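Residue numbers (numbering that gives the first Met the number 0), protein chains in the order written: chain A, 0 to 357; chain B, 0 to 237.
If you're looking for bench data, these hints aren't it; they were derived computationally from the structure. Mixed in with the good hints, there may be bad ones.
[Unchecked claim] Each pair of labels, with its calculated beta carbon distance range:
#1 B:D65 / A:F29: 52 to 58 Å
#2 A:M201 / B:E51: 40 to 46 Å
#3 B:A163 / A:P6: 24 to 30 Å
Computed from a predicted model, the values in this text were never measured in an experiment. Quick reminder that beta carbons are idealized off the backbone N, C-alpha and C, glycines included.
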Amino acid sequence: MALRNSPIAALRLLEGPQTLGKGPGFWGGFTTIVALACLYPLFADGYDVGNNVYFFNWTFMALGLSLIWGYGGALSFGQTAFFGVAGYAYGVLTINLGDAYGLTFVSLIAAVGLSALFAGVLGYFLFFGRISGVFLGIVTLSVTLVLERFMSQTAGPEWAIGSARLNGFNGMGGMPSLTIPWPGGDIVLFPDVALYYLTLAMLVVVYLALRILVNSRFGNVLVAIRENPQRAEMLGYDIRRYQLGAFVIGSGLAGLSGVLYTAWGNYITPSSMGMSAAALPVVWVAVGGRSDLTTTLFGTLLVLAGFQYLTIYGSQYALVVMGVLLVVTILAAPSGIFITVGSLFSKGLRRRLKRESV
Amino acid sequence: MAILETRKLDKWFGGLHVTDAVDFAVETGEIHCLIGPNGAGKSTFFRLVLGEHAPSGGQIFYDGRDITKAKPFERIRRGISVKFQVPGIFQALKVRQNLQIALQHHLEGSSLNEEIDRLLEFLKLKDAESQLAGSLSHGQKQWLEIGMAIALKPKLLLLDEPTAGMTPDETFATGEMVQALNAQGVSVLAVEHDMAFVRQIAQKVTVLHFGKVFAQGTIDEIVADERVAAIYLGEVHA
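Chain A extracted, bound-state conformation (with noise of 0.2 Å):
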């Protein structure tokens, strides 16, 4: 019982059946990775970084959304709503508090407890409702879409909470960044180079955290409610606590994406919510495989760097190569790209290919 809970053990959690990668080849690529990404900033200009956080802030909805649908199996188009509802609660709370005292932080995590509570009530109607499959998407689009349209009518003066105004379609803007209290000037953090580093250490133990999650007793079930919820069911789990569970989880980390997106740009609006937001995670998911949280962290990075490159030549222009990727994605290679191709070098890949279109 001891050795279950102790740290040693679930560091053991990193590697097994649901995380692809293992051993000292993977582990020493994934070192060389995080030092190449601690060393970028020794080399780019401080701005370029501060921009690039952006690619950072949007993982850990990626993130999220691997967990609910690629191990849980359920399509939820929810994640811009919790993403926006922590990014409101963010300006809320810190144009209300200020930045002092270390109360941006305060905030960070009051905002994404509140998306994480917002999950919580929306999935237990969901699932204790034994709504799955393609219903379970409508309705948490639909909850998107509908949290787009209030926010975007809140232009009025009375739409304030405390001396924070909505704002309507126009956004919200003017809350704090992130600021860490310190003894002779608070450290802000601003898009640059500070920021990076946090957002990147943020990341890396929401992965890990996720790695041990996944091959945990907990991901086992999970995976076997994908496979087969009423067998799942069937050996004696209440698989409704499981999805639920997973749900809360991953719209948390929607929740963290949304506060770190309105702590780095000091502004959040309605579109963040609004149908083509809603879709855009599922492509970055899908498209770099969303059965498994390296691919899908890596698919949501290529394809919002190629997203940001075409959005130079017009954004809705990108929106349908988005559209057209994801359906390539979904005709040519179900399982994502990442295994797909490695497919063609590794055996394990190969058989992990065959027995996702089992």
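Keeping the supplied structure of chain A fixed, place chain B upon it in accordance with the hints.
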């Protein structure tokens, strides 16, 4: 004493009375087979016992306690386990992981691994442990699911046509497995079409017809019963 008992169990689907005041019992330690022609209400009865359908009336008792309102997973936790007709396994997971998920309720660490190995031996699946469950032969899939069902250490094992699609040899081997479990004290309720299998394992047979208990007895009594032959066996043998 009965491990499973239903009292005046009723189920209506709209105007259709699929389970009609069924009084039925599985005695502790017996292998009880439930047979009947197509549409007799066997599957519905099975689902009522599992809790996948809620009854329209009547009560279900397990081990002396009323479980009529208990959720399926709660029934499983009390000691009922089930093997479905279509193998309900986790296709994309390895055979070993399938068993691990079933066993991780009550075991961990080295005792978990030992129990998995023991089950793999019992199921004749030792060589296939790192295969994906979806790549097993049909008979092996059936056995794997039986393995997952018995991994829970049930007091009552429910089998829904456990030998569907099996070769005669596999069917016979399955019968031996069921008898071995029964010898360890597991009570068994099996819904089955295959009369050779029923003859092999059944200590008691109940015939359902139009949702009612039509006849009950040993396999020889049932086979000798002309009314049963008229509704069921005659139809099968014709």
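Hint check results:
1. Checked against the hint of 52 to 58 Å, the pair B:D65 and A:F29 passes, with Cβ atoms roughly 55 Å apart.
2. For the pair A:M201 and B:E51, the beta carbons lie near 43 Å from each other, so the given range of 40 to 46 Å is met.
3. In this structure, B:A163 and A:P6 break the distance hint of 24 to 30 Å, their C-beta atoms being roughly 48 Å apart.
Checked against the numbered hints above, the structure breaks only hint 3 and satisfies the rest.
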